[in-house]
Amino acid sequence: MKKTRKLLALLLVTVMALSACGGGSTPTTTAKPAETTTQAPAPADTTTQAPAPAETTTQAPAPAETTTKAPETTTPAPETTEAPAPLADWDGAYMEREDFQAYFIHDLQLMVEAIEDQLDDATYSKVMADQEAGEAAIRGAGTVAEIKEAYKEAFDNILMEIPLYDGVVSYKKESNEERTNILGILERFAVSTGITGVSLYENGAYVMYNPRITLGTENYIVGYGFGTMAEGAITEDLEYETNPDWKRYYHTYETMDPGHILYHNDQGSQVGDMFSYIAASFYTNFMNETKDGYDWVPELAKEKPVAVNDDDGDGMATTWKFEIRTGKGDGLKYTTGSELESRKAFNDRLVELEDYITPFKFLLTQANNMYRGTEMANSTGGAIAGAKDYYNASKDGFNEAAWEKVGVKAFEEGGKSYFQVEFAEEQTQFYCMYYISSSLYMPLPQEFIDLVGTNVDGVSQLFSYNNDKTESPVDNALALGAFYLERWDAEQQVVYKKNPNYVFADTKYQIEGVHDKIFPAAKEDPTLGFQEFLAGHFDAASIPKDYLDEYRNDPRTRTTTGTSNYKINANACDQATWEYLFGTEGVVKQNAKEDYWDLKPLMGNHHFIQGVSFSLDRQTYANARGSIASVEYLSSNYMSDPENGVSYSTTDAHKKAIAPLLADTDGKGYSLELARDYFRLALTELEAEGALKPGTKDKPTELEIEFAWMTPAQEESFFKEIKDFIETAFNDESVSGGVYKLTCVFWVGNEWSDVYYNKMMTGQFDFGYGSITGNSLNPLDFMSVLSSDQEISGNFTLNWGVDTNTTDVYPIVYDGHRWSYDALQGAANGTVVVSKGQKKAPVEIEYTELTKNEDGSYTGSFTLTSTNPEIIKVDVKSVVCCNYERYRNGDGEYDETELEDVKVEEKNGVYTVTFTVPAELAEDYATGSGKSEEPKGITGFDLYYDLTIDGNVSTDLIYGADDVFEVK
Amino acid sequence: MGKYVLKRIGLAFVTTFIILSLTFILVKLLPFERPIGNDAMQIAYFDKQTSLGYVYRFEDNHDEEYGEYLYRSPMDKGRRNYYYKVPVLEQYGKWLKNIVTKWEWGYSKSIMPNVSASVIIMSRIGYSIRLNVFSVLFSVPLGILLGIWAALKKNTMTDHFISTMVMIFISIPSFVLISFVLRVFCYTLGWLPSTWPPDTAPARMKAMGYIIPVFCLSFGSICSYCRFVRAELCEVLESEYLLLARTKGLTRRQAIIRHALKNSMVPIFPSILAEFIGLLGGSMILENMYGIPGIGRLFVTSLGHKDYDILFVDMAIFTTLGLLFGVLTDLSYGFIDPRIRMGAKK
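Residue numbers (this note's numbering), protein chains in the order written: chain X, 1 to 968; chain U, 1001 to 1346.
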């Protein structure tokens, strides 16, 4: 029905266009109007095909061919029957008026196309009418400014037709299919507004495997791989290997020796990868029977999680439990490769119930200084109830009282062993499995941790060397995973052997072991790893770019997808936006006037950014680097259906979202002619606005755009080709006739991270190279990094220019309503309050400072205003007075007192909480209980409350406010 | 003499102290790296840095005291943490105090977490020493022989050939030579191991593992010795006392062996000691490229990983050895040529 409706609308639009333009030619480039052709997306193997500007002429704004076939079916619009008013003189510098109009009409069409599926029939009709009127107005406009004004008016009119969403809502429990649709809508917004930056490539690779390896599958499974270790096999000896026991081990390499595999205390990925060889987790993934995906399989668990408190039957619960394997019930045993007598005692030691709790205690006890423990305590995704409070209460060591409230328990019931986990927020069964399946939670016996001891800094020597290197990680490790540590020769090799005690030892991981050579030279020269492979020393290696042509089609070669898409991120702020974000009072970072970034007019023009995107020959660029050309924001690794391994990149929602980037390009977003068209468009706009002034052919206006990178080496390896692409497109005679000259300049900082912290995250850049990766199983959550609100994005915003909590920058329409990006993205991940389409805090809290009473007591108050009193209710629990003076300026001890005199009044959703601090308490705390040498009276109040939003209760929320008592 | 030796050794330690102090301060002045990650990762990272003693954590702003904070955690229950880099001089003071009072050089933070820096150095130094000793044993005789041969055949085709080859090979950077040798002898011909064989490898393979590094490390030395010996010997061969020796009836061979060679070696033997130190430095690149777990590679790795305690011990070893060998070199002149008197009063 919608398709028919759309076709009719397009027919109508086209006839109007034909009438208005007096001939019906589709918008074309000014350079080659006669040669406009439709170019099918280039096939995937167009790797050596040189760009062909003469043939690949632009088609961006023109769906017209589809409509010219049947003009007789439409009735001419009334406007065309009237004699058109004479148009003002055309002031566009680099485009014909009709072409300029056509681009704005095209933008309007794209916008309607993006939202039409979400509109009801009545709204759709109104929108189409607005679009038609807008197109007519655009055609009737004479100057650049008039055309843009007509476009803006039509844009606003369309927006006005769609009601804004109001209410409290959550789409977290929707089906994967519906959530994928939401993701597509968000992605379309991101693509259309440019907040994704300009994607370059996905970090996939060409990998060669030794023929002696039988892969689990020949076709790469996104998010899983080829199943080399779990389902693969080795059928021949490795001749090069001198140790006869290791000839059938899988031979690979690391560029550095991490010196330990205590993943619990490491921040990189290498240790985690190495640890995963010896670790088992509650659930794991194995390839499915059809070898085209993977299944989630209980490993240490014996069944999938069962909800304990799914009271409303929606499949979500905070508490889940599942049966687990233990030594007593299932013969689950530890393995060690150590020859030390004290460690050998743990070989074949049965796994006990308490061992499941030990790793949680080990991680979360702050005194242990475990990096991943701190991260776990402070993370929000999949947080375990009580974990953070326990962490904060365990500065001096294990705290039994605080531990009681942590949401992990192991117990026996009916002769079976169970593990129970309570999350801070409700989770589905799948996310329960996902969050609880970290290898960090592999059971460990406490006595083993005690035996290996700690170093002089009090850090555990588990999975590490001891202080004097008399014990290696082999001695200080226990394994439950597919392998165990056999040898560790520092800076030479790490060897793992198949673990006979592994749960699936008989059916999976049939490879006898893994030999991990430490090969530092490969870090400096990646071709050496490949040379070693060719020499038969390793079983797999990715093909370096210099060897791609020779080995790309080798029968041993396979291709993999990547985990991240690399981009050049854009600072497209106008002066006012930049000032708001990064000015002297900036909400993101405050900069002194002299540190203000010199914003370039070009960067603030969306058509220029589009031109840059179209100018990048990604296929050539990626081919030269052995990666995958990509115009997309999310890599193939992001899942639409994580449980069944369906990549979001394969979904229709995604294909629709990125359609504007691919139309009339080589299939990877490259079209030299389109790029030049958009550059012409940008220059025409900017010149008409007075933002740019043309030079002459002999002395062109010099325009400079800076590209920030991570390392100096990237100038040669990455930047120069991009510079060449952009400059070739922009500086072509056909764009401005040589009156402008664009130069792309390279920037690099002292540290690789400077491009993030000193450039992109602080708005001090034009373009910046980088990528952020997130939870690939929950791309809807990951999309938060595109928000301009730093609290939502977690300070990960890399592209600037659009306020993502406004509803008028580009329409996001879902379920018949208009939303801001932040509102819909938030609703997809939890309950949010939406007012006029924008995301709002459910409760606004204000603190009123203390006043001293005659009797020496103090009175203060909190005011909590519910954003939506009908659905959002507040239940104030308590007010706690904190002795900060003693903590900060006294002896470091911290104490607090719950106030007894607390009154709560509610009126129309405004809760006034008035509290009184007794004189004695105030006097005591003012001096830090007499411990502060120079008392300043510093105190603070914690307001504890529960929040009910549409029946869903969030408990133990806290709002804190600092204040001072008078010091006598 | 004894006083002179003590004075030189004392000065060597003072120099070492100054070099290490400067190194410490300059290295610690490098910008503070921080990870790209969410607040949970940032907090974990900075708490880790706090526990390692690189960062201070406060609950309120200390900008006035320590400059701009490195990171500020989000508000949590009305509180947040501010993280500041510990002032360099404060770090220096602690580091120096630990060395002076406890002879404790610190512990590895990333290369081999937990392990004492000095233990790590001791476990690696053997590889470097063995490699360099073999290299000296290989390069010195070969270099001297080639030098003698070139000097004796001065201005002949042989001399020109040797001199030209020496000039060519002395100009080739070591990493180019290593790459070339690896590609030819390991990857193309497959005659030699392409990386340092592990300790578990058979003895024959381990022995073959020395060929490439010793050859590459020796190449520059051979050329240097050759040039040096040729120049010295040519000069001696043209000296008057050698002419006198010939006129006294010695044959050319006798005159060369008894007088020319002996005298030309006076400046050469001390240079062997200096060369040994030079080789230690040169082996940094080689050890990294060939995967030799020696202290040269450790130096590069510790710099890359900002594992400063290891870096400083490594630096101390190189500096001390360099300076002590300098003293030994000076002293050796006196033993080789009795006319030279160290520290003698005028």
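Misleading hints may appear alongside valid ones.
Label pairs and their in silico Cβ distance ranges [said to hold, decoys possible]:
#, chain 1, residue 1, chain 2, residue 2, range
1, U, Gly-1304, X, Lys-836, 51 to 59 angstroms
2, U, Asp-1060, X, Gly-930, 30 to 38 angstroms
3, X, Glu-721, U, Ile-1018, 42 to 50 angstroms
List time: in silico BS3-like cross-link candidates among lysine-lysine, alpha-carbon distance up to 27 angstroms [stated by the list, open to error]:
#, chain 1, residue 1, chain 2, residue 2
4, U, Lys-1085, X, Lys-589
5, U, Lys-1028, U, Lys-1306
6, U, Lys-1085, X, Lys-395
Derived from the structure by calculation, the hints contain no laboratory data.
C-beta atoms are modelled at their ideal positions from N, C-alpha and C, and glycine is treated no differently.
Do the hints match the structure? See the list:
The beta-carbon spacing between Gly-1304 (chain U) and Lys-836 (chain X), approximately 53 angstroms, falls within the hinted interval of 51 to 59 angstroms. Under the hint 30 to 38 angstroms, the C-beta atoms of Asp-1060 (chain U) and Gly-930 (chain X), about 21 angstroms apart, miss the expected range. Between Glu-721 (chain X) and Ile-1018 (chain U) the beta carbon distance is about 47 angstroms. The supplied range of 42 to 50 angstroms therefore holds. For the hint linking Lys-1085 (chain U) to Lys-589 (chain X), the alpha-carbon distance of about 20 angstroms falls within 27 angstroms, and the restraint holds.
Proposed proximity of Lys-1028 (chain U) and Lys-1306 (chain U) is supported: the alpha carbons are some 9 angstroms apart, at most 27 angstroms. A distance of roughly 22 angstroms separates the Cα atoms of Lys-1085 (chain U) and Lys-395 (chain X); the hinted pair therefore holds under the 27 angstroms criterion.
Against the hints set out earlier in the document, a violation occurs for number 2 only.
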